[in-house]
Amino acid sequence: MSSDMKAKIIVTPKKAVVDPQGKTVQSALEHIGFQGVGAVHVGKYMEIELPDGDAEGWRKKIDDACHRLLSNPVIEDYQFKIE
Amino acid sequence: MNFGVLQFPASNCDQDALHAVRDVFGHQGRLVWHKEDSLAGIDAVIIPGGFSYGDYLRTGAIARFSPIMGAVQKFAAEGKPVLGICNGFQILCEAGLLPGALVRNRSLQFRCEHVFLKTISANSPFSNRIPEGKILRVPIAHGEGCYFADDSTLDRLWKNGQILWQYVNARGDATEESNPNGSLSNIAGICNEARNVAGLMPHPERACESILGSEDGRLIFDSLIAWLEEKARVRPAQAA
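From first to last, the protein sequence lines stand for chains A and B. Numbering-wise, numbering that gives the first Met the number 0 puts 59 at position 60 of the first sequence, and it's gapless, one number per residue. Numbering-wise, numbering that gives the first Met the number 0 puts 56 at position 57 of the second sequence, and it's gapless, one number per residue.
Since the hints were made in silico from the structure, they are not lab data. Quick reminder that beta carbons are idealized off the backbone N, C-alpha and C, glycines included. Watch out, some of these pointers could steer you wrong.
What the hints assert, rightly or not - No more than 27 Å apart at the CA atoms, straight line, and that leaves these computed lysine-lysine pairs for BS3-like:
no.: 1; chain 1: A; residue 1: Lys7; chain 2: A; residue 2: Lys80
no.: 2; chain 1: A; residue 1: Lys60; chain 2: A; residue 2: Lys80
no.: 3; chain 1: A; residue 1: Lys60; chain 2: B; residue 2: Lys34
no.: 4; chain 1: A; residue 1: Lys22; chain 2: A; residue 2: Lys5
no.: 5; chain 1: B; residue 1: Lys79; chain 2: B; residue 2: Lys230
no.: 6; chain 1: A; residue 1: Lys14; chain 2: B; residue 2: Lys158
no.: 7; chain 1: A; residue 1: Lys59; chain 2: A; residue 2: Lys22
no.: 8; chain 1: A; residue 1: Lys13; chain 2: B; residue 2: Lys158
As the list claims (entries may be wrong) - What the simulated footprint calls covered on chain A by chain B, stretch by stretch (three residues with Cβ under 8 Å from a Cβ of chain B suffice, anywhere in the stretch; the number is not a length):
no.: 9; stretch: 11-17
no.: 10; stretch: 32-39
no.: 11; stretch: 51-59
What the hints assert, rightly or not - Pairwise CB distance ranges, derived in the manner of DEER restraints:
no.: 12; chain 1: A; residue 1: Leu68; chain 2: B; residue 2: Asp22; range: 55 to 65 Å
no.: 13; chain 1: B; residue 1: Arg232; chain 2: A; residue 2: Asp53; range: 53 to 63 Å
no.: 14; chain 1: B; residue 1: Asn11; chain 2: A; residue 2: Ile31; range: 46 to 56 Å
no.: 15; chain 1: B; residue 1: Arg136; chain 2: A; residue 2: Tyr44; range: 39 to 49 Å
no.: 16; chain 1: A; residue 1: Pro50; chain 2: B; residue 2: Arg155; range: 35 to 45 Å
no.: 17; chain 1: A; residue 1: Pro50; chain 2: B; residue 2: Pro66; range: 19 to 29 Å
no.: 18; chain 1: A; residue 1: Asp76; chain 2: B; residue 2: Asn11; range: 25 to 35 Å
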């Protein structure tokens, strides 16, 4: 059975972790005229195609995958939705 | 002694590590492919530097799920020594065998140069032969060597003497200028609570011969070999 369901996952650096990439992007934004922007956090976006439509079943598994592989809880936070 | 040097896709310091243990120190050693699942007959494991799995997702994140890492977990739980160098350090952190994580250098630059290291604790299989006060000159080559841990973990590392090496200047001071990557507390290398698993970003295996510009890395291998030989002497006596 196929479905169009996907897990959409966003991983971002924890606030306590210095994010030099975010700082560099922030200063680049200022260079091109976006003065006054606040801190920038550069993270990752992932999409996982889910072969069946059992959203509740996948929620638990994706949470586990985020915790064990897709993010590192020492340095990153994650959030995801299934749709 | 018999060393096992792990080899993942895109490991690139595996041959350097094997060369050091076999040709410089005259011990036995073999490459252990990441799909193997046994470390039978191995006395010490070296997880070498490189870019395992292209550093995809995060450095070391994929390698930690390789079949051989199950055997490494067991090997470490038995108290046997595991040394992670550069990418090996990153893999050990991802595997949860060492606390904390290694993130992008604060400068965002790949740093490839010699640094100075101060040994903070000689109480480990990897640092026991390093004379007190001796500053080691060893190369680094990494883009993601900035050590991070939360405050309580960092406190615990200091309290337990788990910080083995700090980046310092030639006089032995841990200054901001001597920190090549922004690591908290200038941390270059740590060990676990049981002290048999250690990781460091610098490359001691590339500093074992004068032709390479420094022989200071020998002291780390000398420490490990001395510890293994001591253990081998004690073990038969205990069995008798």
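Okay, the hints, checked on the actual structure:
Between Lys7 (chain A) and Lys80 (chain A) the alpha-carbon distance is near 5 Å, which keeps this suggested pair within the 27 Å criterion. Between Lys60 (chain A) and Lys80 (chain A) the alpha-carbon distance is near 12 Å, which keeps this suggested pair within the 27 Å criterion. Simply put, Lys60 (chain A) and Lys34 (chain B) have alpha-carbon atoms about 25 Å apart, close enough for the 27 Å limit, and the pair holds. Annotation: proposed proximity of Lys22 (chain A) to Lys5 (chain A) is violated, straight-line Cα distance about 31 Å (limit 27 Å).
For the proposed pair Lys79 (chain B) and Lys230 (chain B), the alpha carbon gap of about 10 Å is at most 27 Å, so the pair holds. Proposed proximity of Lys14 (chain A) and Lys158 (chain B) is supported: the alpha carbons are some 25 Å apart, at most 27 Å. At roughly 34 Å between alpha-carbon atoms, Lys59 (chain A) and Lys22 (chain A) are farther apart than 27 Å, so this suggested pair is violated. Under the criterion of a C-alpha separation no larger than 27 Å, the hint pairing Lys13 (chain A) with Lys158 (chain B) is consistent with the structure, at around 25 Å.
Only residues whose beta carbon comes within less than 8 Å of a beta carbon in chain B count, and the stretch 11-17 of chain A has 4; three or more means the coverage holds. Evaluation of the coverage hint for the stretch 32-39 of chain A: breached, as 0 residues show C-beta separations to chain B shorter than 8 Å, against a requirement of three. With 0 residues having a beta carbon nearer than 8 Å to a beta carbon of chain B, the stretch 51-59 of chain A misses the requirement of three or more and the stated coverage is violated. Distance hint check: the CB atoms of Leu68 (chain A) and Asp22 (chain B) are about 37 Å apart, inconsistent with the given range 55 to 65 Å.
A C-beta distance of roughly 59 Å is found between Arg232 (chain B) and Asp53 (chain A), which places it inside the suggested range of 53 to 63 Å. Here the CB-CB span from Asn11 (chain B) to Ile31 (chain A) is close to 38 Å, at odds with the stated 46 to 56 Å. Taking 39 to 49 Å as the suggested C-beta distance range, the pair Arg136 (chain B) and Tyr44 (chain A) conforms, at roughly 42 Å. In this structure the supplied range 35 to 45 Å holds for Pro50 (chain A) paired with Arg155 (chain B), their Cβ-Cβ distance being about 43 Å.
Against the hinted window of 19 to 29 Å, the Cβ-Cβ separation of Pro50 (chain A) and Pro66 (chain B) comes to about 26 Å, which satisfies the hint. Checked against the hint of 25 to 35 Å, the C-beta distance between Asp76 (chain A) and Asn11 (chain B) comes to roughly 32 Å, which is consistent with it.
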